[in-house]
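Peer 1: Sequence:
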Amino acid sequence: MIESLLLTTVRIVTFDRLRQLTNASGFFFEHDQRLFLVTSGHVLFDKPARHFPDRIELELHNNPDNLAESTGFSIPLYRDGQSLWRQGFDAAGGIDVAVVEIDRGALPATTVYRAFTSAHLPGSLDHVEIGTSLLIVGFPLGFHDTWHHMPVVRQAVVASSFGLRFQGEGYFLTDARTHRGTSGAPVVMRVANPPPSYGDLPWMLLGVHSARLDVGTRDLQLDEALGLNCAWYPDILLTLVMS
6 MIESLLLTTV RIVTFDRLRQ LTNASGFFFE HDQRLFLVTS GHVLFDKPAR HFPDRIELEL
66 HNNPDNLAES TGFSIPLYRD GQSLWRQGFD AAGGIDVAVV EIDRGALPAT TVYRAFTSAH
126 LPGSLDHVEI GTSLLIVGFP LGFHDTWHHM PVVRQAVVAS SFGLRFQGEG YFLTDARTHR
186 GTSGAPVVMR VANPPPSYGD LPWMLLGVHS ARLDVGTRDL QLDEALGLNC AWYPDILLTL
246 VMS
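This note's numbering applies: residue 6 is where the sequence shown begins, and numbers increase by one.
These are calculated hints, taken from the structure and not from any lab test.
None of the values given here were measured: they were computed from a predicted structure.
Cβ atoms here follow ideal geometry from the backbone N, Cα and C, with glycine treated the same way.
One thing to keep in mind: the hints can contain errors.
Unchecked claim - Restraint ranges, calculated between C-beta atoms of paired labels, are given here:
{"id": "1", "residue 1": "114", "residue 2": "84", "range": "20 to 26 Å"}
{"id": "2", "residue 1": "98", "residue 2": "70", "range": "43 to 49 Å"}
{"id": "3", "residue 1": "74", "residue 2": "205", "range": "34 to 40 Å"}
{"id": "4", "residue 1": "97", "residue 2": "76", "range": "38 to 44 Å"}
{"id": "5", "residue 1": "152", "residue 2": "88", "range": "33 to 39 Å"}
{"id": "6", "residue 1": "248", "residue 2": "160", "range": "32 to 38 Å"}
{"id": "7", "residue 1": "84", "residue 2": "109", "range": "35 to 41 Å"}
{"id": "8", "residue 1": "77", "residue 2": "169", "range": "39 to 45 Å"}
{"id": "9", "residue 1": "88", "residue 2": "38", "range": "21 to 27 Å"}
{"id": "10", "residue 1": "76", "residue 2": "170", "range": "35 to 41 Å"}
{"id": "11", "residue 1": "137", "residue 2": "109", "range": "31 to 37 Å"}
{"id": "12", "residue 1": "204", "residue 2": "85", "range": "25 to 31 Å"}
Modelling step: build the complete structure from the supplied sequences, incorporating the hints.
Peer 2: Here you go:
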């Protein structure tokens with residue numbers, strides 16, 4: 006049996022024409038019969054890092070009877086000079102979350118995946134305590150099960166008050182060991198008794214992993230890295246997929 010959670014997340018490779026740029030993580034989100042890929046905004050466009058891909062490629066499972074089989078699926082990021090992806094913004098500025106709609110008709114008919122929906126987003130009555138155990142599902146440094154094309158998970162905990170905007174930004178903090186390539190990974194919490202609307206995916210989507218957080222004044226020789234990360238709240242997804 007394959008954990009359904011592992012089928013939500015895919016490895017992203019960014020390209021500038023034929024030149025491979027970076028590895029990252031992303032996951033599927035479904036709304037009104039439409040399918041989207043969610044990742045970090047800086048995976049698709051990062052001016053400070055001079056990272057300007059024009060397409061991305063996903064590695065998809067294409068045989069439900071043999072998960073060792075996969076195929077590459079290319080998604081353009083621009084058409085006629087206009088971006089095909091959408092990134093979030095709020096009063097504090099940019100939100101490091103972006104979505105790209107996937108043409109279901111272009112997918113191989115046998116593609117195997119799972120998608121989060123609005124049912125998996127935290128509601129006003131959901132209480133997430135400080136220190137709650139989480140998982141971050143992704144491809145750190147591109148590392149994964151290369152035989153079955155599966156991501157790996159890192160354990161994390163909620164490290165700031167969930168529901169509050171840390172330092173006025175639209176994210177909360179997690180305490181976890183993460184690496185480059187994890188950008189865009191889903192941050193999830195197991196739900197003990199999920200409602201039927203969760204389907205076979207008993208996980209609440211609490212955030213989208215963005216980046217490690219550090220202190221600029223840290224002595225690189227004397228002080229360890231904080232080990233804290235930014236996870237953007239996922240409520241922005243409904244705005245992006247309905248725009």
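Peer 1: Could you run down the list of hints and mark each one as holding or not?
Peer 2: The hints, checked one at a time:
The beta-carbon spacing between residue 114 and residue 84, approximately 25 Å, falls within the hinted interval of 20 to 26 Å. For the hinted restraint 43 to 49 Å between residue 98 and residue 70, the CB-CB distance of approximately 47 Å keeps it satisfied. Between residue 74 and residue 205, the C-beta spacing of about 22 Å breaks the proposed range 34 to 40 Å. Roughly 40 Å separates the CB atoms of residue 97 and residue 76, a value that falls within the hinted 38 to 44 Å.
Here the CB-CB span from residue 152 to residue 88 is close to 35 Å, well matched to the stated 33 to 39 Å. Hint check: residue 248 to residue 160, Cβ distance near 34 Å, so the stated range 32 to 38 Å holds. Between residue 84 and residue 109 the Cβ separation comes to about 18 Å, which falls outside the hinted range of 35 to 41 Å. A hinted range of 39 to 45 Å holds for the C-beta pair residue 77 and residue 169, which are about 40 Å apart.
Judged by the Cβ atoms, the range 21 to 27 Å given for residue 88 and residue 38 holds: they are separated by roughly 23 Å. The hint said 35 to 41 Å for the Cβ distance between residue 76 and residue 170, and at roughly 40 Å that hint holds. For the hinted restraint 31 to 37 Å between residue 137 and residue 109, the CB-CB distance of approximately 34 Å keeps it satisfied. Taking the beta carbon of each, residue 204 and residue 85 are about 37 Å apart, not inside 25 to 31 Å as hinted.
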